[in-house]
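Participant: Each chain, letter by letter, is given below.
There are 2 protein chains.
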Amino acid sequence: MGKKILQPPKGTRDYYPELMAKLRWIFDTWRNVSIQHGFVEYDGPIFESLELFRIKSGDEIASQLFHFEDRAGRELAIRPEITPTLARMVAQKANSLPRPIKWFSIPRLSRAERPQRGRLREFFQWNIDIVGSDSVLADAECMFVAIDFLRRIGLTSDIIELQVNSRTIISSLLVDANITPDRHEHIFAIMDKYEKLSDRQFDEYAKQQGLSADELSAVKDILTLKDIDAVSSLTKSQESKEELDKLHQLRDYLHAFGIEDYFVYKPSVVRGLAYYTGIVFEIFDKSTKLRAIAGGGRYDHLIKLFGGPDMPATGFGMGDVVLLELLEELDKIPADITRSGLKFFVIDADKQFFNLALKITSELRKKGISADYSSKRQSLGKQLKSANQAGAKFAIIVGQETADENLITIKNLQTSQQQQIKTDEFIAKADEIE
Amino acid sequence: MGKKILQPPKGTRDYYPELMAKLRWIFDTWRNVSIQHGFVEYDGPIFESLELFRIKSGDEIASQLFHFEDRAGRELAIRPEITPTLARMVAQKANSLPRPIKWFSIPRLSRAERPQRGRLREFFQWNIDIVGSDSVLADAECMFVAIDFLRRIGLTSDIIELQVNSRTIISSLLVDANITPDRHEHIFAIMDKYEKLSDRQFDEYAKQQGLSADELSAVKDILTLKDIDAVSSLTKSQESKEELDKLHQLRDYLHAFGIEDYFVYKPSVVRGLAYYTGIVFEIFDKSTKLRAIAGGGRYDHLIKLFGGPDMPATGFGMGDVVLLELLEELDKIPADITRSGLKFFVIDADKQFFNLALKITSELRKKGISADYSSKRQSLGKQLKSANQAGAKFAIIVGQETADENLITIKNLQTSQQQQIKTDEFIAKADEIE
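Residue numbers (the numbering used here), protein chains in the order written: chain A, 403 to 836; chain B, 403 to 836.
A portion of the hints provided could be inaccurate.
For identical chains, the list gives no copy identity; a pair is met inside one copy or between any two copies.
Claimed, not checked - Subject to a maximum C-alpha distance of 25 Å in a straight line, what follows is the list of computed SDA-like cross-link-like pairs (lysine to any residue):
#	residue 1	residue 2
1	K412	R513
2	K778	A496
3	K412	E471
4	K761	G743
5	K795	R779
6	K412	E483
7	K784	E803
8	K495	S777
9	K824	G660
10	K831	Q816
11	K412	R510
12	K643	S777
13	K778	H650
Simulated from the structure, these hints should not be mistaken for lab results.
Produce the complete structure using the sequences and hints provided.
Facilitator: Below, the structure written as structure tokens:
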């Protein structure tokens, strides 16, 4: 046994109770917010056929995945994202699912890339998707869900911003600048780097990627558009004008939802991936240099690509890694969530009362109330220490007076206040004690 | 796109919302029961170094796992169980973790075996472990947690039984029958088949596995012991007598916990795996032919095997597949858990009132109350149908009287009762409406 094997594999985490409690808090809040906005939960297998990921991302995806063969030689891969699974599942039952499909999931995902800050080899990602609606209201709703969650955990509009763009508009502006549509995909991938590089680095990178001086200048004119009105003055084509109307409508919806103050128009947000079709967005915090907290947008042709009908779709993903880093940095994780949730810790004043202590513990648990006891027979002081270590709210002390007079002592472990009450009365109202 | 790729990989499931709701109910109950009994949650990475699984299960394990290499050539495997991870994590922080360690987890697991009834290639398994206590009370407590869960979901003692044994006692009885300890491991694996085969099949199997007629006869004498008292009459060695005392003590604890009626002594329960050291148990339903619902026992030397200190440990695992099958068969899944949990569905009587409907939806959500609306502008009847499909409890109808007199209509979708109230009043007390 080398020392190495005590560690988790490179780029992964051990979820000890303290970290797990933080994740559980995030997962529960993701889930509650999803349900409140009318989404239902789904999930898929942790591994899929490797081919499924190739459909969306091409052959080169294989090198970024953990893949393997089963005994029959089927090529399988651990999922790096859940969207291909969603597309497959929707395509499989497209005719029987009521529309619009409003689904959420909190998949565990893996990728084989080199681990970096904010990017690990194993992570969790909240996914919100609306399939079957082409209305901009669906896009607005996805943004509302994301912001509602962030607001609820204390990330208000002074801390974060919702950066919105439309690939349709950018495409149209590129055409106006004489850059033909066959090159837009490539240009989007370049534009996606704009915020991550210095001005000089970006110019160099764009040249390396084959942009001419004229093209670079046109691209930078687009990238420096300050707001929707600035776009408006440049927009010429009918398609682009219609899309601009959608952005205005989006902003009206965000206003109706009370989250307009998070909205920023950001032409550099194009999302690196090929399958986005219209409005796209990313959520960033304003103060730190962290990666995007969330990102998503409209992907109207993906379900068809996976063998389903042509169904419009929009959604986003939000990972746990950047979010947790940001929350730690801003000290926004509530102190009490790492407590165990244990309410009572039953202590015997002497080992002769242990069976009585056990009986009381057991009656509490049978009533569905969390209770534990010291598994070792030791001094009252040591048992109180164990009660604190276990994160219990109250210690219940069982002793001679319990045997003689049916009385137990309740000690509040936070305030140290204590009182005696009848055992039966305690059991009867244990769930009301706060 | 062939049709095949629409399906999940062989032996795995797609968790559509209906199945997901059932799993969510099971997971939440597992979690709540764990916390009530004083356990805290942990988890580990979905893949571990392949070597970690070899430590516990030998080289042959590789063929039962999905394994692969990362770019640096590290051999990794998707976890088929979480116990090696638990042992690694405990070993890593053995000195800083307060003892006893009471941990639970609900890991997602995979194995590369041929799928069969009750055994899939991907499944979930509730794990309860107490590390650092050698008291039989810890064994009793694990059983209590398992039974408490099963009782809570409606599997009472008329449906299931807790089959208990001790490997120490069986070993001692085998020695008394002149079967030397070096062969016990092999005999345990044979005994493990007893309940799965007919009497004739078992005799044949035992002979194939190299048991002599005398040995088979001795093994069958042990396998047909009816209760602890019958064991008592056979027991000779001191070690065996002490272990028998533990079984009696165990039964007393189960009595104190109020679950003695689930207890059955079963000499065939030896658990196939090499690492169990003392008391072992399995939980079965009495009526069906399904596999064990849960199984576990004491494994006192495993933490040391993984590089930690020599810490006594006991625990069990309960999978989702057999449990779900049994619950479906006995019709024990509550009907309302597959409902979405959506409370309000807001409907406009005419599209001119849609913005008003949206505003009301948004105010409900902002208050943390689940609410949705029809994303399509369509007739009131169709919107009511959508409300039902979405599983909402109430429809809220917004129309002319809302605009003119600030009145909305609440319709209970289960009873069809409806009433009008002031919009403000509705929003204010929406969380109290039942």
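Participant: Between K412 and R510, at a C-alpha cutoff of 25 Å, which is it: within one copy, between copies, both, or neither?
Facilitator: both (16 Å within a copy, 20 Å between copies)
Participant: If the cut is 25 Å between Cα atoms, do K495 and S777 qualify within a copy, between copies, both or neither?
Facilitator: For K495 and S777, the Cα distance is within 25 Å only across copies (21 Å; inside one copy 52 Å).
Participant: If the cut is 25 Å between Cα atoms, do K412 and E471 qualify within a copy, between copies, both or neither?
Facilitator: This pair counts as both: shortest intra-copy Cα distance 22 Å, inter-copy 12 Å.
Participant: Checking an output row: K831 and Q816, CA cutoff 25 Å. Within, between, both or neither?
Facilitator: Answer is within: at 20 Å inside a copy they meet the 25 Å cutoff, but 34 Å across does not.
Participant: Could you place K643 and S777 in one of the four classes (within, between, both, neither) given a Cα distance threshold of 25 Å?
Facilitator: between (71 Å within a copy, 24 Å between copies)
Participant: If the cut is 25 Å between Cα atoms, do K412 and E483 qualify within a copy, between copies, both or neither?
Facilitator: both (19 Å within a copy, 20 Å between copies)
Participant: Between the shortest in-copy and the shortest cross-copy C-alpha distance, which are at most 25 Å for K778 and H650: within, between, both, or neither?
Facilitator: Close across copies (20 Å), not inside one copy (67 Å); limit 25 Å.
Participant: I want to check one pair: K784 and E803. Are their C-alpha atoms no more than 25 Å apart within a copy, between two copies, both, or neither?
Facilitator: Classified as within; 20 Å inside a copy, 67 Å across copies.
Participant: Given identical chains, is K824 near G660, meaning Cα to Cα at most 25 Å, within a copy, between copies, both, or neither?
Facilitator: between (52 Å within a copy, 22 Å between copies)
Participant: Classify it for me, K761 with G743: is the Cα-Cα distance of at most 25 Å met within a copy, between copies, both or neither?
Facilitator: within (21 Å within a copy, 37 Å between copies)
Participant: Within a copy, between copies, both or neither: where do K778 and A496 come within 25 Å Cα-Cα?
Facilitator: between (58 Å within a copy, 18 Å between copies)
Participant: I want to check one pair: K795 and R779. Are their C-alpha atoms no more than 25 Å apart within a copy, between two copies, both, or neither?
Facilitator: Intra 21 Å, inter 51 Å, cutoff 25 Å: intra-copy only.
In summary, the structure agrees with every hint in the numbered list given earlier.
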